[in-house]
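From first to last, the protein sequence lines are chains H and X.
If you read the first sequence in numbering that gives the first Met the number 0, its first letter stands for residue 0, the second for the next number, and so on.
If you read the second sequence in numbering that gives the first Met the number 0, its first letter stands for residue 0, the second for the next number, and so on.
Derived by calculation from the structure, the hints in this document are not laboratory data.
Be careful, since some hints might not be right.
Said to hold, decoys possible - Each pair of labels, with its calculated beta carbon distance range:
| id | chain 1 | residue 1 | chain 2 | residue 2 | range |
| --- | --- | --- | --- | --- | --- |
| 1 | H | 5 | X | 252 | 35 to 43 Å |
| 2 | H | 130 | X | 15 | 52 to 60 Å |
| 3 | X | 13 | H | 226 | 26 to 34 Å |
| 4 | X | 9 | H | 144 | 53 to 61 Å |
| 5 | H | 206 | X | 237 | 32 to 40 Å |
| 6 | X | 58 | H | 228 | 38 to 46 Å |
| 7 | H | 220 | X | 208 | 42 to 50 Å |
| 8 | X | 42 | H | 126 | 42 to 50 Å |
| 9 | X | 9 | H | 227 | 32 to 40 Å |
| 10 | X | 48 | H | 140 | 14 to 22 Å |
| 11 | X | 158 | H | 113 | 23 to 31 Å |
| 12 | H | 110 | X | 251 | 37 to 45 Å |
| 13 | H | 20 | X | 18 | 23 to 31 Å |
| 14 | X | 201 | H | 140 | 53 to 61 Å |
These numbers come from a predicted model, not from an experiment.
Ideal Cβ placement from N, Cα and C applies to all residues, glycine included.
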Amino acid sequence: MPEDTTSIIRLADVSIRFGKQLVLRKLALDIRAHETLAIIGESGCGKTVLLKLIVNLLQPTEGEVFFERRLIRGMTEAEVTRMRLRVGFLFQQAALFDSLNVFDNVAFGLRAKGGYAEDDIHRRVHERLGEVGLAAAVEPKMPAELSGGMRKRVGLARALALDPDVMLYDEPTTGLDPIMTDVINELILKARRRRPITSVVVTHEMRTVRKVADRVVMLFPVARLGADENQVIYDGPPAGLATSEDARVRQFVEGEARDRMSAGKEDE
Amino acid sequence: MSPAQPRESALLAAALERAGNAAENLGDWTLFSLRAARGVTGRSFRTIELLTICLQVGLSSVGVVAITGAFIGMVLAVQTYSQFHTLGLETSLGAVIHLSIVKELGPVLAAVMLSGRVGSAMSAELATMRVTEQIDALACLGVDPVKYLVGPRFLACVLMIPLLCVIADLMGLAGSSLVCLQIFKIDAFHYWQHSKTFLQPWDIFVGIGKSVLFGGVLALIACHRGFHSRPGAEGVGRAATEAFVYSFVAILVLDFFLALFSNTIHDLIWPMQGMQML
Numbered sequence: 000m001p002e003d004t005t006s007i008i009r010l011a012d013v014s015i016r017f018g019k020q021l022v023l024r025k026l027a028l029d030i031r032a033h034e035t036l037a038i039i040g041e042s043g044c045g046k047t048v049l050l051k052l053i054v055n056l057l058q059p060t061e062g063e064v065f066f067e068r069r070l071i072r073g074m075t076e077a078e079v080t081r082m083r084l085r086v087g088f089l090f091q092q093a094a095l096f097d098s099l100n101v102f103d104n105v106a107f108g109l110r111a112k113g114g115y116a117e118d119d120i121h122r123r124v125h126e127r128l129g130e131v132g133l134a135a136a137v138e139p140k141m142p143a144e145l146s147g148g149m150r151k152r153v154g155l156a157r158a159l160a161l162d163p164d165v166m167l168y169d170e171p172t173t174g175l176d177p178i179m180t181d182v183i184n185e186l187i188l189k190a191r192r193r194r195p196i197t198s199v200v201v202t203h204e205m206r207t208v209r210k211v212a213d214r215v216v217m218l219f220p221v222a223r224l225g226a227d228e229n230q231v232i233y234d235g236p237p238a239g240l241a242t243s244e245d246a247r248v249r250q251f252v253e254g255e256a257r258d259r260m261s262a263g264k265e266d267e
Numbered sequence: 000m001s002p003a004q005p006r007e008s009a010l011l012a013a014a015l016e017r018a019g020n021a022a023e024n025l026g027d028w029t030l031f032s033l034r035a036a037r038g039v040t041g042r043s044f045r046t047i048e049l050l051t052i053c054l055q056v057g058l059s060s061v062g063v064v065a066i067t068g069a070f071i072g073m074v075l076a077v078q079t080y081s082q083f084h085t086l087g088l089e090t091s092l093g094a095v096i097h098l099s100i101v102k103e104l105g106p107v108l109a110a111v112m113l114s115g116r117v118g119s120a121m122s123a124e125l126a127t128m129r130v131t132e133q134i135d136a137l138a139c140l141g142v143d144p145v146k147y148l149v150g151p152r153f154l155a156c157v158l159m160i161p162l163l164c165v166i167a168d169l170m171g172l173a174g175s176s177l178v179c180l181q182i183f184k185i186d187a188f189h190y191w192q193h194s195k196t197f198l199q200p201w202d203i204f205v206g207i208g209k210s211v212l213f214g215g216v217l218a219l220i221a222c223h224r225g226f227h228s229r230p231g232a233e234g235v236g237r238a239a240t241e242a243f244v245y246s247f248v249a250i251l252v253l254d255f256f257l258a259l260f261s262n263t264i265h266d267l268i269w270p271m272q273g274m275q276m277l
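With these hints in hand, go ahead and build the complete structure from the sequences.
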């Protein structure tokens, strides 16, 4: 695959295996600067794994990951830390620190990075919480006291606190009601409007895909792929999903069980 | 070829695989421990966090260590009295029991109690953080999770276990003395005199020194199991159980080697002391 000069993140023939299970196989993907890329696919096809490879939380079994054309595997510990500070990550369940209140959760990255006066930290935390629609009254609350939607918004505020160049969203709307889903979608758009950032959104929600994505990549589980088949079965604009020539893409978009109800298929 | 041969080779392969996994785990634990040590020397955490964990470690274990220490001393007194009484050596009981408590039972008991009370909880806490991706979130915010989370827990155990060991020692001494002097009516003067003669500052130093090592090892084992937890509630439970079992075995194995080592060092420094006491 020829190198895309506008790409900020590049996965070059990446494979990753957990024990005997191959999750990603020879995956080649360029993520271009300032685009919003949605990654869709069935559960277990390696979407979250892909996000974790980008921030070096996981290392590929084969192949390489590049950030701004620099090989992540070749980076020193300090360089990996600097790279991570430029990437915001909204985890699936928000991953708020249980022992810290909302304010300290959002302030955590700023304090860890250092170089910010406490007044500046207060100002930034208020601003970010305001941007995700949370009032100052929520600041002393502990994560256990928050609803699912509020946790996601605090997680988003924490990820945005360091003004990242890249935002990774791992199923940002999973488990939320339709209204809160739309709130999160709007916040993803708002984060992009505030400053030009590259966003990668892993999701199952087709509404989210249509609303926020410039480009969609669909992955297919390796276990059900043919020997020479590419794991990326769709790469294009959201509008092209419904008319894709690949029946597997159309089935996912339409959300129909079809052959997956046959014995053995549901566990693959 | 006999039919037993394929089965034997399968068993051998399985044994080799387990040995390989154990060696890999030990190597991983060693690297993990070195990283945690760098967290301690680099002060990758705030003092308030360390103090909070120290308080949790100390307060949650002090009661159970005191109670078990007292009863171990009392049981030792009851079990050894009859043998010593038969030989007319009951006044030597103080020396034997106190030496056993200060050199062996106090540190081992404090470490085992700390492992059960604090090590499992630490492991479960970190395993929950792993399962809920809080450890990944720390890394994404530019913090080394091993240095940040393990450093203060390791230091808290190392700092607090000598205090717990002293409490276990004192309660063991009090319990055994109560039984010997109040129930068995052993002559108090000779009882304490023998204790004073046999129990040397070196024994107290060895006991407390051992407890520091036990504390460090059990903290690192507990944190390592927590960090490597499998997903789900079962993974968290398993991590907590493994933390206790592995720590318990490690404490006993380490105790054996430390006993050999400390006795060798003692004999090198004071080669004739044993003869002089007799």
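Tested hints:
A C-beta distance of roughly 58 Å is found between residue 5(H) and residue 252(X), which places it outside the suggested range of 35 to 43 Å. Checking the proposed 52 to 60 Å range against residue 130(H) and residue 15(X) shows it holds: the Cβ atoms sit about 57 Å from each other. Between residue 13(X) and residue 226(H) the C-beta distance comes to about 31 Å, which sits within the given range of 26 to 34 Å. A beta carbon spacing of about 54 Å between residue 9(X) and residue 144(H) agrees with the range 53 to 61 Å that was offered as a hint.
Restraint check, residue 206(H) to residue 237(X): a C-beta distance of roughly 39 Å satisfies the suggested window 32 to 40 Å. Distance hint check: the CB atoms of residue 58(X) and residue 228(H) are about 59 Å apart, inconsistent with the given range 38 to 46 Å. Hint check: residue 220(H) to residue 208(X), Cβ distance near 55 Å, so the stated range 42 to 50 Å is violated. At about 30 Å, the beta-carbon gap between residue 42(X) and residue 126(H) misses the expected band of 42 to 50 Å.
With their beta carbons about 35 Å apart, residue 9(X) and residue 227(H) fall inside the hinted range of 32 to 40 Å. About 21 Å separates the C-beta atoms of residue 48(X) and residue 140(H), a value consistent with the hinted range of 14 to 22 Å. In this structure the supplied range 23 to 31 Å holds for residue 158(X) paired with residue 113(H), their Cβ-Cβ distance being about 26 Å. Remark: the range hint 37 to 45 Å for residue 110(H) to residue 251(X) is upheld by a beta-carbon distance near 42 Å.
Taking 23 to 31 Å as the suggested C-beta distance range, the pair residue 20(H) and residue 18(X) conforms, at roughly 24 Å. With their beta carbons about 55 Å apart, residue 201(X) and residue 140(H) fall inside the hinted range of 53 to 61 Å.
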